[in-house]
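There are 2 protein chains.
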Amino acid sequence: MGNEQLEELRGQLDKVNDQLVELINERAKIAQEIGRVKSAQGLNRFDPVRERKMLDSIEANNEGPFETSTLQHIFKEIFKASLELQEDDHRKALLV
Amino acid sequence: MGNEQLEELRGQLDKVNDQLVELINERAKIAQEIGRVKSAQGLNRFDPVRERKMLDSIEANNEGPFETSTLQHIFKEIFKASLELQEDDHRKALLV
Chain A
1 MGNEQLEELR
11 GQLDKVNDQL
21 VELINERAKI
31 AQEIGRVKSA
41 QGLNRFDPVR
51 ERKMLDSIEA
61 NNEGPFETST
71 LQHIFKEIFK
81 ASLELQEDDH
91 RKALLV
Chain B
1 MGNEQLEELR
11 GQLDKVNDQL
21 VELINERAKI
31 AQEIGRVKSA
41 QGLNRFDPVR
51 ERKMLDSIEA
61 NNEGPFETST
71 LQHIFKEIFK
81 ASLELQEDDH
91 RKALLV
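If you're matching them up, the sequences are chains A and B in order. Per full-length UniProt numbering, the very first residue in the first sequence carries number 1; after that it's consecutive. Per full-length UniProt numbering, the very first residue in the second sequence carries number 1; after that it's consecutive.
Incorrect hints may appear among the rest.
From the structure, some residues in chain B lie toward chain A, with a derived Cβ separation under 10 Å [claimed, not checked]:
| no. | residue |
| --- | --- |
| 1 | HIS73 |
| 2 | LEU85 |
| 3 | GLU87 |
| 4 | HIS90 |
| 5 | LEU95 |
Treat the hints as calculated values from the structure; they're not laboratory data. Even glycine gets a Cβ: it sits at the ideal position worked out from N, Cα and C.
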């Protein structure tokens, strides 16, 4: 019975993983769009004030079980990866 | 016009951030359940074979724009945080 329960929970986890992959990529697409708009306006892609606001919003929305600091750490990785994606796009645009 | 577009995109990003916070916490709850079932069965909470399978599944499901290695890096942070959560729960259970 324990093993069936474990398999059931792992199935649930796999579904959430799939949704996360999709949602993180959806976020990446929006970040790419933002990067394009900013490039067109000559704005800096890195915006620490906006990042701070997003981190504060995570704190406001967090109902657990993860600590806010844990979620913020994960999101900082996502921010960093998004910025790298925007920079790659920018370099590619320059090469066209 | 560019600023309106930027605000619209930022609004979209904020919504995705909220969904991500919710989904990452949903995943954490399932991981906590798995931790409890494993504790009850005397199983080790860290399972590198299962982690490998989840990382492979990310590769299979990734439609971009993020590179698979980027997503896997983000997920490894989530795995690590989940394991820490399971270990905290276990310590608390021992103290009861």
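To see whether the hints hold, each was checked on the structure:
1. The interface hint given for HIS73 of chain B is met, as the beta carbon of that residue sits about 7 Å from the closest beta carbon of chain A, less than 10 Å.
2. The closest approach between the C-beta of LEU85 of chain B and any C-beta of chain A is roughly 6 Å, which is under the 10 Å cut-off, so the hint is satisfied.
3. A least Cβ separation of about 13 Å between GLU87 of chain B and chain A goes past the 10 Å threshold, and the interface hint is therefore violated.
4. For HIS90 of chain B, the suggested interface contact is broken, since its CB lies about 14 Å from the closest CB of chain A, more than 10 Å.
5. Against a cut-off of 10 Å between C-beta atoms, the interface hint on LEU95 of chain B is violated, since the closest Cβ of chain A lies about 18 Å away.
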